[in-house]
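Q: Sequence:
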Amino acid sequence: MSDLADELIAATRSMLDRIDIDTETPAQGMSDALWSALVEAGFTSVDVPAEAGGHGCDTADAIAVLSTVIGSGALVPFIEHAMLAAWLSGTVGQDLGPGTATIGMADAGFVVDESFEPSRVTGTVRDVVHVSVASSLVILLPETENSGARVATISPAHDGVSVTAGTDLLGASIGTVTLDSVPATTADCPVTAGDLRQRGALVYAAALAAAAGTVRDRSVHYASERTQFGRPLTKFQAIQQRLASMAASTTMMEIACRRAAAASSTPWAARGATAAAKVVTSLYSHEVAAAGHQIHGAIGFTSEHPLGRSTTALWAWRDRYGTEREWADVIASDILDAGSDPWDLITGTATTSGIEPLSTERTSQ
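Here the sequence shown is numbered in our numbering, starting from 1197 and rising by one per residue.
In case anyone wonders, no lab produced these hints; they're calculated from the structure. Every value quoted in this text rests on a predicted model; they were computed, and no experiment measured them. The beta carbon of each residue, even a glycine, is placed where N, CA and C say it ideally should be. No false leads were mixed into what you were given.
Pairwise CB distance ranges (calculated): (1) G1493 <-> E1203: 37 to 43 Å; (2) E1421 <-> S1358: 46 to 52 Å; (3) V1357 <-> A1494: 41 to 47 Å; (4) R1521 <-> S1358: 32 to 38 Å; (5) S1377 <-> W1464: 40 to 46 Å; (6) D1537 <-> D1199: 35 to 41 Å; (7) D1323 <-> A1444: 30 to 36 Å; (8) E1339 <-> G1289: 16 to 22 Å; (9) S1377 <-> S1499: 39 to 45 Å; (10) G1289 <-> W1464: 23 to 29 Å.
Sequences and hints are given; from them, build the entire structure.
A: And the structure:
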């Protein structure tokens, strides 16, 4: 971890110490005070290019802030705004300015009418997270046979916008946005649908690892303080084994995400590392959440207990931007396409370009 990442983590923790974070599940709304503090500090544009109003830092630095925020249990649109919408807009040099943005992928049949100035867009965008609090929606129009990918940014407040929203398990709004000849700022975009999916998988993997880390820490603390039959829970072998298994799973999640974040600036390595991180985090999310609730017992299931904010995040996020099976297929396809022997890849002796060996030295860092 870089010195800058350490400083960002310390500054974010300082914010969290000054703000009362509501961790009731489901949440009654997002943490406005924390979100305002993050925006004011410039922490919502850490890895956005400087020419687009950001700081131009590494993705790993932005993920350091993300992990700290998620670990606190706070509900804010950091993933959708800072890690996805601002990043995507930054790739075309657009500054989102003040306000809160979210992101979506255009459905098939999405139309851009350039006979107007500005252009007008018509179509549907589904599964838009934090849609009810967003003042702008950044939409990726996937590449077609006749044109490359494009970005369209619209205001959900326009009369031609219709939003049908509910909430996810955490209480964050999520819904479908229907556009009818809505003015939009559009630009050709170097980011493909596959690139956005990979970026989304990376940041949600990091979020899952952070939530799992909180479940682990809370469980260890609770088991150390709670007594049963005159002994702390940590003195019971079954609890020790459950805690050890949870710690091992969480550590694998954290290592996979650190490795993926470090590889994010190297295209040939980023795909495989991100796929591995998403497989590991999605796979172990259910196990970590279950262990946390088993150790806490009935109290952990109450809506007021903070454990639920993190375990519910593990359930709600594990399939976003691809399931573990989908990303496992990506890894398998890349290995087969490269002609590598899977065992050579595991032992770190593979030499085929395009696939990074999973050497002991690298994975232990």
